[in-house]
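Visitor: Sequence:
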Amino acid sequence: MPKTKQELLSCAESAAKYISDGSDKSSIGFISFIEDMIDVVASNKDGDDKDPAPLYRILYNVKNSSMDVLGGGKSLKQSYVNFIDSFLQVSRVSDEYRPANKEFAELDLDELAYVFGWI
1 MPKTKQELLS
11 CAESAAKYIS
21 DGSDKSSIGF
31 ISFIEDMIDV
41 VASNKDGDDK
51 DPAPLYRILY
61 NVKNSSMDVL
71 GGGKSLKQSY
81 VNFIDSFLQV
91 SRVSDEYRPA
101 NKEFAELDLD
111 ELAYVFGWI
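Sequential numbering of the sequence shown, starting at 1, is according to our numbering.
These are calculated hints, taken from the structure and not from any lab test. Check the hints yourself; a few may be wrong.
PhoX-like mimics (lysine-lysine), calculated; alpha carbons at most 20 angstroms apart, straight line [as the list claims (entries may be wrong)]:
id: 1; residue 1: 63; residue 2: 77
id: 2; residue 1: 50; residue 2: 5
id: 3; residue 1: 63; residue 2: 3
id: 4; residue 1: 17; residue 2: 5
id: 5; residue 1: 3; residue 2: 102
id: 6; residue 1: 102; residue 2: 5
id: 7; residue 1: 77; residue 2: 3
id: 8; residue 1: 74; residue 2: 3
id: 9; residue 1: 74; residue 2: 63
id: 10; residue 1: 102; residue 2: 50
Every value quoted in this text rests on a predicted model; they were computed, and no experiment measured them.
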């Protein structure tokens, strides 16, 4: 069921609060990477398919990668890893990647784009 704008803004506020409470201001730089990945996944989807599973697969795999795709050095990478592990709580179950964070687990790609656009 689609979320209201108020519910989406609440998701954005909780994510922004998590980021600002746990890191320095420069560490928010990974948000633009997540926005770019949302765009990439959405552009590879057919019209009505808004399943975010491929996005979570990418976010999880980047977290575990030794490549520096984020730029910004170790502190940015650590902030990203903390966000994926502790806030979104993305994990792999069987061959699917899903967040355990209840607010984000129910969001589709369009809603995620809205939320990350507000952070």
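Visitor: Is the Cα-Cα distance between residue 63 and residue 3 20 angstroms or less?
Guide: violated (28 angstroms)
Visitor: Between residue 3 and residue 102, is the straight-line Cα distance small enough, at 20 angstroms or below?
Guide: holds (13 angstroms)
Visitor: Given the hint that residue 102 pairs with residue 5, test it: the Cα-Cα distance must not exceed 20 angstroms.
Guide: holds (17 angstroms)
Visitor: Regarding the pair residue 50 and residue 5, is the alpha-carbon distance no greater than 20 angstroms?
Guide: Holds, because 17 angstroms separates the two Cα atoms, which is no more than 20 angstroms.
Visitor: Is the Cα-Cα distance between residue 102 and residue 50 20 angstroms or less?
Guide: holds (18 angstroms)
Visitor: With a cut-off of 20 angstroms on the C-alpha distance, tell me whether residue 77 and residue 3 pass.
Guide: violated (30 angstroms)
Visitor: Under the criterion that the straight-line Cα-Cα distance not exceed 20 angstroms, is the pair residue 74, residue 3 satisfied?
Guide: Status violated; Cα separation ~35 angstroms.
Visitor: Take the C-alpha atoms of residue 63 and residue 77, compute the straight-line distance between them, and say whether it is at most 20 angstroms.
Guide: holds (8 angstroms)
Visitor: Is it true that the CA of residue 74 sits at most 20 angstroms from the CA of residue 63?
Guide: holds (12 angstroms)
Visitor: Regarding the pair residue 17 and residue 5, is the alpha-carbon distance no greater than 20 angstroms?
Guide: holds (18 angstroms)
In the structure shown, a violation is registered for the earlier hints numbered 3, 7 and 8, in ascending order.
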